[in-house]
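Residue numbers (my numbering), protein chains in the order written: chain D, 1 to 289; chain Z, 1001 to 1289; chain F, 2001 to 2289; chain S, 3001 to 3289.
In case anyone wonders, no lab produced these hints; they're calculated from the structure.
Keep in mind that this is a model prediction, so the values were computed, not measured.
One thing to keep in mind: the hints can contain errors.
Stated by the list, open to error - With the Cβ distance kept under 7 angstroms, some of the chain S side facing chain F (calculated, not the full set):
#1 His3066
#2 Tyr3248
#3 Gly3250
#4 Arg3251
#5 Ala3253
#6 Phe3255
#7 Pro3260
#8 Phe3263
#9 Trp3281
#10 Arg3287
#11 Ser3289
Every residue, glycine too, gets a C-beta built ideally from N, C-alpha and C.
As a plain string of letters, each chain reads:
There are 4 protein chains.
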Amino acid sequence: MITMPTTLDALNSLPPASFVAALGEVFEHAPWVAEMAATGRPYSTVAVLHEAMMQAMRKAPPERQHAFIAGHPELGSRVKRAELTDHSNAEQGGLGLDQLNAEEFARFSRLNAAYREKFAFPFIVCVRRHTRDSILTQYQRRLDNDAATERARAIEEIGLITRLRLVAIVDGPGKPETTGRLSTHVLDTSAGRPAKGIKIELHEIGASARGLLREAVTNADGRTDTPLIAGEPLRIGTYELTFHVGAYFGREAPFLNAVPIRFSIAEPEEHYHVPLLVTPWSYTTYRGS
Amino acid sequence: MITMPTTLDALNSLPPASFVAALGEVFEHAPWVAEMAATGRPYSTVAVLHEAMMQAMRKAPPERQHAFIAGHPELGSRVKRAELTDHSNAEQGGLGLDQLNAEEFARFSRLNAAYREKFAFPFIVCVRRHTRDSILTQYQRRLDNDAATERARAIEEIGLITRLRLVAIVDGPGKPETTGRLSTHVLDTSAGRPAKGIKIELHEIGASARGLLREAVTNADGRTDTPLIAGEPLRIGTYELTFHVGAYFGREAPFLNAVPIRFSIAEPEEHYHVPLLVTPWSYTTYRGS
Amino acid sequence: MITMPTTLDALNSLPPASFVAALGEVFEHAPWVAEMAATGRPYSTVAVLHEAMMQAMRKAPPERQHAFIAGHPELGSRVKRAELTDHSNAEQGGLGLDQLNAEEFARFSRLNAAYREKFAFPFIVCVRRHTRDSILTQYQRRLDNDAATERARAIEEIGLITRLRLVAIVDGPGKPETTGRLSTHVLDTSAGRPAKGIKIELHEIGASARGLLREAVTNADGRTDTPLIAGEPLRIGTYELTFHVGAYFGREAPFLNAVPIRFSIAEPEEHYHVPLLVTPWSYTTYRGS
Amino acid sequence: MITMPTTLDALNSLPPASFVAALGEVFEHAPWVAEMAATGRPYSTVAVLHEAMMQAMRKAPPERQHAFIAGHPELGSRVKRAELTDHSNAEQGGLGLDQLNAEEFARFSRLNAAYREKFAFPFIVCVRRHTRDSILTQYQRRLDNDAATERARAIEEIGLITRLRLVAIVDGPGKPETTGRLSTHVLDTSAGRPAKGIKIELHEIGASARGLLREAVTNADGRTDTPLIAGEPLRIGTYELTFHVGAYFGREAPFLNAVPIRFSIAEPEEHYHVPLLVTPWSYTTYRGS
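One chain only, chain D, in its complex shape (with noise of 0.2 angstroms):
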């Protein structure tokens, strides 16, 4: 069950129980956090309202804060996926975990198994920040955490986890920053003007595979109609803009016909902004602002 968006003034005013309805289920199976937080009601902004959830949590004896942490669901698991809860269930979603070939889905089994032996809770990351290729590089790096950087480090991922969450469903003043913004710009340098009508496909680029996830068409000033990505996190991981400059130049045997920039994207809340300038013979690309 997904919570109804709410504001913070009714959240300030409600009932300690409907608050605890409200907002029980942004930290996983741990409805205790939302009580604590009701106690310190009324709260300013959204993330002062996040930062008390997150002291809640890490001030918990070690018992309960670390069957809190065990209590998330495994990642790359098929088995479990009907046990998820309705919010990881969407975030794995997007990702491609669920899509998961045979050997892919041993070798997370593997990372998982070795995590667990090693942690004893579950492999804990924001997957809306990610693509399937930097979890596997998360795991093998976490994997050489000792077991305190390693428990913070997952305290950390449940911060990124649960200010998603919060942000969806609260509306009001001083949300915390959780999305990101991929945009592009088509400049025909040799025509000193925006190109406009090129086709452009954004891909995601991963070890194993390549996903199809945008396409669009330039507008009369080179942008698209609407960014990219925007409104949530750009995954880490590498993706591929594809301009077809050929087909909007109309060359017969065009030098270049379909534009590939790849780039990789690191910080999840940032802008990138990554343009061309183009003409039949040249081009250039940067990372720009």
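Given chain D, put chains Z, F and S in place with the hints provided.
Same frame as chain D, now just chains Z, F and S:
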């Protein structure tokens, strides 16, 4: 049997029979072309010799000319490969026409059949100037020609084929240009100097496959020690250079890692220079000189 | 006397005499234009009002039209400056026509005389869309026109002049576009971010002089806080932006220090965006959007 | 008197007196340097010969060394020009130190006096590696040195001066590198080919003046037939290349007409390659190789 290289001077002074023995295979199964050319000696340049052989062929009686054209091997015919002359065999090896999958083989067979049905001679193309994809494009375009146009087109291709063969076996002044060149150059414009040690790959990009043609590493001048392609015609087609700039700049989580530059070659005997001006956050490429 | 700004609504409802008092100066010494326009009220937009005034002028009897055109002040005439209306005075101040040296003054005087000799009315040009150099070019081109063409040309310029005057004093819907924009943006492509704190100068580059129009410093987004020019027409002419990148990069003995970008503006009501992508060793500029 | 060029072989076998006659002027008014070097023959390379002469000078008794250093002519002293040796005369001619205006002359005189007051010998600099501006910068920096540092600095400059002189008059193996190179290349990236027929000017940009060093026109490969500067050291200083692209593209009212590229040279014996990639609406420049 591949004829051994010789010199124009030697050819000019050989007895006619030896001249024919030396050049008889240049025009497929048609030693009579060399026989006629033998009478016009001496030739001042290799280009003049080749033109004399082409004239001999063009002036031949229609039946002889037709038989000559009809005597060329079918393209894409696996079962006929054993009957190709040594020259044709070597030329098709490089292109991958011997590696057609079942569907492609069927397509080539259909096109071959349609072509022969319409023109009553096999499809002739200078394969060393082509990729598998550009040959398919040729088939489709040339099937639309009328008989006279296509006969002229076949002779034109025979001119390109025999020019390559002649240049390969005769040393001497005035060789016609039969080779192109593909080169690159990487400049690190954040440091103002050539980028040394950048790994580069060159792939042929076909509609159904991608073939690795070359791997190289840039030297202290930002160039490859030898051109990426030289000493042969460039094959009409689409290519991709991949520059591994991430390892060169050595940053963690780089914005640019493997930079692909995709371009098409339309003129097999030209020089294509495709440089990269690169920083960790931007790059420029262009057809240079 | 400069008329105070008013609104289209107010103009639509004023008594005719007040309407003429408000707009009588828009057409130089020709209150009869406003008188005729007063009868066509109400006007739905400022553009429609202006067009109605232009129609009144175009339909006037030839003698009246000629007297109107002939009543305009001479350009470049120092002795006549006192007789300019307030509007003309302000317009010529910015251009520097009042700062002609002896030689230039003589040249303007000769051109004025030649023009009057040929056409029997003074040279009329919308000076706010021009630099001193582009006016000289105009003189020379227009002297080649025949009388009919040049009379039409003079009326066209009067249209541009009066459009600016009307827009300046009337608020309301449907104002015609009378202003252009010049902007810039500096990206440090060696760091992948906007270049903050770059000093910029904008000069007008005339044949005989160079005038500093603007100084600015880039902000955190690599832009100037306000456009380099906005709110007025861009003057047709040649400009130079100087970007002080040496101080920004802070290297000793820099390869690039003051980077000049020289460009010409031909369309006064357009947006010219002239960005700089720069590293310590390279830069790119282009007409952007 | 300029000594005639000779060869290292000849120098190795001359009688000592002739050897000294040939090289005696290389070290200003100090034939004893050549006398000492004569005893170390034969020399395998020109560089070894030069190093031997420098060692002779470095090992000279302090009084002799001081007298040698003190015997150099004053820079910027007009009244002393007649007393310069032939070498010094030629070297200063190119720089324009003989064309100082009254203010500059006074400045140089003050700096000369301050330098002599502090160090008791004249300011020595290899002027052929400098522009007027970079010499002024040198003066100011070196006046801050202590006596020992500055004596070493003077000997270093004498090494640069005499290396140039020796290379100019001795042919033979192992010549040290005494020349730099400045070159350019213009590519029309809207057409994908070299830009032929572009007029180029090279100016030296001084603080108080601007000197035209070279005019050239690009050839079919987009280059100048000879490098812009070669066969001599590049002078440390600031330069401007102007590319007349407006005439090349042939459009009316072009956005880009004369494109100035301003850059500084810090390393006189290096190769500076400064290309232009240009369309009617954009350009890119960089330090190439």
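Status of the hints after comparison with the structure:
1. His3066: For His3066 of chain S, the interface hint is violated, since the closest Cβ of chain F sits about 31 angstroms away, which is over 7 angstroms.
2. Tyr3248: Result: violated, 15 angstroms to nearest chain F Cβ.
3. Gly3250: The hint is violated - Gly3250 of chain S has no Cβ within 7 angstroms of chain F, the shortest such distance being about 15 angstroms.
4. Arg3251: violated, 10 angstroms
5. Ala3253: Because about 4 angstroms separates Ala3253 of chain S from the closest Cβ in chain F, which is inside the 7 angstroms limit, the hint holds.
6. Phe3255: Since chain F brings a Cβ to about 6 angstroms from Phe3255 of chain S, closer than 7 angstroms, the hint holds.
7. Pro3260: holds, 5 angstroms
8. Phe3263: holds, 5 angstroms
9. Trp3281: holds, 5 angstroms
10. Arg3287: holds, 5 angstroms
11. Ser3289: violated, 11 angstroms
Hints 1, 2, 3, 4, 11, counting from the list given before, are not met by this structure.
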